[in-house]
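Asks: Listed below, chain by chain, are the residues.
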Amino acid sequence: MIKYVIKRVGYALLTIFLISIITFTLMNMIPGGPFLSEKAVSPETTQALKVKYGLDKPLPEQYITFMKNFIHGDLGLSIKQKGRTANDIIFSTFPVSARLAGMSVLLALVLGVTMGSVAALNRGKWVDSLLMVISTLGIAVPSFVVASFLLITFGVNLHLLPTLGLKTPLHYIMPVAALSFYPTAYITRLMRSSMLDALNQDYIRTAKAKGVNKFVMLFKHAMRNAIIPVITYVGPLLAYTMTGSFVVEKIFTIPGLGREFINCITGRDYPMVMSTTIFLAVLLVFMNVVVDICYKLVDPRIKLK
Amino acid sequence: MSANCLLDIENLQVSFFTPAGEVKAVSGVSYTLNHGEVLGIVGESGSGKSVSAYTLMGLIANPGKIVGGTVDFNGHQVHKMTEKEFRKMRGSEVSIIFQDPMTSLNPVFTIGSQLMEMLRLHTNKNKEERKARAIELLRLVGMNEPEKRLKQYPHEFSGGMRQRVMIAMALACEPKLLIADEPTTALDVTIQAQILELMVELKKKINMSIIMITHDLGVVSDVCDRIAVMYAGKIVEIGSTDDIFYNPKHCYTEGLLRSIPKLHEKGHERLVPIEGVPVDLLSPPAGCPFAPRCDKCMKICLRQMPEYTEISPGHKSACWQLQKEQFENAEGGNKE
Ligand SMILES: Nc1ncnc2c1ncn2[C@@H]1O[C@H](COP(=O)(O)OP(=O)(O)O)[C@@H](O)[C@H]1O
Ligand code: SF4
Ligand SMILES: [Mg+2]
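Taken in order, these protein sequences are the chains called F and B.
According to UniProt numbering, the stretch in the first sequence is residues 1 to 305, in order.
According to UniProt numbering, the stretch in the second sequence is residues 1 to 336, in order.
Since the hints were made in silico from the structure, they are not lab data.
Among the clues, some could well be false.
Stretch by stretch, here's where chain F covers chain B in the computed footprint (C-beta under 8 Å, at least three residues) [claimed, not checked]:
1) 84–92
2) 100–109
3) 112–125
Bear in mind the structure is a predicted one, so any value in this text is a computation, not a measurement.
Every residue, glycine too, gets a C-beta built ideally from N, C-alpha and C.
Whenever a hint applies, use it, and build me the whole structure from the sequences.
Replies: Written as structure tokens, this is what we have:
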């Protein structure tokens, strides 16, 4: 266990270091810069701005300065959003994305596991076929189509749901639906096949031979095994969704991290790009550990190494 | 049905209704089993051994159905039982252990929880009592440190130990009948004998009967009182273990005996496997199913299924060769 922790922390540091280097290099290789704009700006002004944000220094020095501050928890100033620090921006937008992600993944998990199990138990019957058609659709249709469709139908045409921001619980319905569409479909299919697989295993026959009823057989003996592949998928999914969906946040005008991230890249907001990327890297690494521990909880055969 | 009789199967027929047609997995099996008796069911893979035994517990998989015959077990009309009645009977009156102990235990639950589940289903014991009984059972099947074992998972056990757990679980509620479906096939040769010995020892303790299914006659010679030889869904010969080993009366039984490896004999005697493949149960032949592989096959064998002939009380076989012998003996007797 101690070995596991040391190894994990080591990997995390290495990952974060590599990602910061790569991001820094790529970011400076992209043509353009933060101070380009439609209006002609005098070279003197540009130079003054560069000095202000430390962009006049040689690149290695810039990197080292950034990392030094980063380690002390100072992510720097945003270039584009005057007067705001990167810390401020990330910590105000991330909770928004994370909350949406949490709800969506939870919904996808509950719906997917239920529908997948129902499909497996009714294999070959019409319920199964119907669920499979729906889930194929869910996988095939991209999230911007789903989001736009919801927005136009329920927001614009029917006026049933609010379309802007996240002020009330009602505001959450469409973004959460749009975000959970694909994972629900995916989990349904995954759950169906792993449930069918579990139901065919010898230990199910053993359970039946012991005299357990169908309910216990399904929800205790089969489910506990069938859920393992789903957890394998949901862990990284949660991490990924928490980084925020640019598409969904843009369509529903949600002030989340996903939208912020894309904006800062297009605006060449260098400190923001670096900070956000590293923040997301830390998040993913951390979530991986959480996932590992979850595996261990459902599958005793797994050893944390 | 005599008082000592635990199980009486009459002309049992089980078919699987597959898209390709009706697979007659068991076609007309009859036998009886007494309290405390061990019956071996022997035959090549696919001969219907498992299906015939699973039927007793209502465990045949979906396209499978009983299409005829009666099964009387411990006062139950098994062929008429509902799923709910089966649930009550499974584990408490009849238990089963399967071939592969590696996959027969649920990998995500502890040994203790799987053992105690059986007790929870069929006894009124409280939690403490269940635990005590589980420890007692593990000790009974020869495991050291049973308290520690309860908290372990199947993957921490070897194959032989898992089969011991399966036995402990099967015997938890002291059933009247234990079905052992190839219980040692997946185990090392050295472990095989230990497991068989354990089963016989425990059988004596709780006076249960055993149906020992195997494709290997060599395995069962020491433990079975009687042996039924199955081929293509039928019992072709049944008799005491001595009858089958020393006075086999069916060509298939003789073939099986020739294919037993003889460990105790010096020199390298060649095994003689039975040539050919088993018949297709989708369209079984009109005559003796073994005919295409039998070197004593006669014309009538291909046309008509032989009836059972009783050789001695309890020993009968369905083979035309046997009828011919008896006929000739009778004729010879007439001439004198
Ligand atoms: N689920 C099933 N579907 C179709 N046929 C089956 C099924 N289970 C068993 N059978 C048929 O029943 C026959 C007997 O099977 P089984 O009793 O398992 O043989 P054994 O135990 O003697 O090896 C097999 O030949 C197989 O074709
Ligand atoms: S009945 Fe005929 S074919 Fe069948 S085993 Fe006997 S001799 Fe061989
Ligand atoms: Mg079998």
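Asks: If a hint holds in the structure, say so; if it does not, say that too.
Replies: Going through the hints against the structure:
no.	hint	in the structure
1	84–92	holds (count 7)
2	100–109	holds (count 8)
3	112–125	holds (count 4)
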